[in-house]
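K.L.:
Residue numbers (our numbering), protein chains in the order written: chain L, 1 to 112; chain A, 1 to 115.
Derived by calculation from the structure, the hints in this document are not laboratory data. Treat the hints with care, since some could be wrong.
To be verified - Computed list of lysine-lysine pairs in DSSO-like fashion (alpha-carbon distance at most 27 Å, straight line):
id: 1; chain 1: L; residue 1: K5; chain 2: A; residue 2: K70
id: 2; chain 1: A; residue 1: K55; chain 2: L; residue 2: K99
id: 3; chain 1: L; residue 1: K99; chain 2: A; residue 2: K71
id: 4; chain 1: A; residue 1: K57; chain 2: L; residue 2: K37
id: 5; chain 1: A; residue 1: K3; chain 2: A; residue 2: K70
id: 6; chain 1: A; residue 1: K71; chain 2: L; residue 2: K56
id: 7; chain 1: L; residue 1: K68; chain 2: L; residue 2: K5
Unchecked claim - Just a sample of chain A residues kept apart from chain L, beta carbon distances all over 12 Å, derived:
id: 8; residue: L45
id: 9; residue: S67
id: 10; residue: K70
id: 11; residue: E72
id: 12; residue: S82
We put the beta carbon where it would ideally sit given N, CA and C, even for glycine.
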Amino acid sequence: DQQVKQNSPSLSVQEGRISILNCDYTNSMFDYFLWYKKYPAEGPTFLISISSIKDKNEDGRFTVFLNKSAKHLSLHIVPSQPGDSAVYFCATRSSNTGKLIFGQGTTLQVKP
Amino acid sequence: DVKVTQSSRYLVKRTGEKVFLECVQDMDHENMFWYRQDPGLGLRLIYFSYDVKMKEKGDIPEGYSVSREKKERFSLILESASTNQTSMYLCASSFRDVWNYNEQFFGPGTRLTVL
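Make a model of the complete structure from these sequences and hints.
P.N.:
What follows is the structure, given as structure tokens:
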């Protein structure tokens with residue numbers, strides 16, 4: 001049973017436009033959310049996170065929004081760049097074990 | 001710079017073989033993790049370890065075992081490899097704190113093919 005779902009396997013956007021990647025979760029007890037980015041032949045790298053006490057966290061071109069009532073988070077990339085082309089995983093973490101629970105991933109392609 | 005290294009980038013084994021995947025981190029992290037990544041399923045946790053000689057099952061431990069004899073090294077063992085264990089295997093490590101807010105750092109992955 002998938003506790004974290006990324007329903008769009010892929011997304012294609014034009015360079016300079018906004019990329020919006022979405023993620024839904026099932027457990028209202030999850031209190032910390034992360035986004036990881038993965039290039040081919042490399043391990044995932046941490047991108048940005050948000051605690052459930054916030055509804056927005058921004059870091060440069062990357063902003064994560066959290067809607068707790070809808071159990072939904074999204075990652076906005078503005079402006080998108082070709083170097084952003086990668087697989088993006090959202091994840092939540094069990095606060096008592098530190099285990100990460102990952103979504104299926106969304107492959108973003110930014111076209112020049 | 002945190003570095004997590006994995007012993008092989010690509011590995012091809014035959015059904016029934018015993019397979020060892022090695023992971024080493026150089027940042028004195030307490031926590032170490034093994035995941036597998038499969039298309040459409042994302043990353044799934046196989047086993048993790050909070051300390052030397054300690055291990056905990058993740059979400060899909062069946063068919064795997066682990067060993068952590070030294071703090072910097074975490075090994076994943078496939079006792080008898082099967083074709084459904086063909087996958088990308090990723091190792092990660094992190095510091096342990098009370099709230100477990102520390103970022104996990106990943107190695108580059110081992111692409112294992114079982115024939």
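K.L.:
All hints are to be evaluated individually against the structure, with a verdict given for each.
P.N.:
Hints, one by one, checked against the model:
Restraint check: the Cα-Cα separation between K5 (chain L) and K70 (chain A) comes to about 36 Å, which exceeds 27 Å; the hinted pair is violated. Of the supplied pair hints, the one linking K55 (chain A) and K99 (chain L) holds, its CA atoms being roughly 13 Å apart against a limit of 27 Å. Pair hint K99 (chain L) plus K71 (chain A) holds up; C-alpha atoms about 19 Å apart against a cutoff of 27 Å. Our distance criterion of 27 Å between C-alpha atoms is met by K57 (chain A) and K37 (chain L), whose separation comes to about 25 Å.
With a C-alpha separation of about 16 Å, the suggested pair K3 (chain A) and K70 (chain A) falls inside the 27 Å cut-off, and the hint holds. The hinted pair formed by K71 (chain A) and K56 (chain L) fails the criterion: a straight-line CA distance of about 37 Å is larger than 27 Å. As the CA atoms of K68 (chain L) and K5 (chain L) are separated by approximately 15 Å, the hinted pair is consistent with the 27 Å bound. Non-interface status of L45 (chain A) relative to chain L is broken: a Cβ of that chain comes within 12 Å, the nearest being about 6 Å off.
Distance check on S67 (chain A): its Cβ is at least 20 Å (rounded) from any Cβ of chain L, clearing the 12 Å threshold; non-interface status holds. Once the 12 Å rule is applied to beta carbons, K70 (chain A) is consistent with being away from chain L; the minimum gap is 20 Å. E72 (chain A), annotated as away from the interface, keeps every beta carbon of chain L farther than 12 Å; the closest lies near 17 Å. Even its closest Cβ contact with chain L, about 23 Å, leaves S82 (chain A) beyond 12 Å, as expected for a residue assigned away from the interface.
Comparing the model with each numbered hint stated earlier shows that hints 1, 6 and 8 do not hold.
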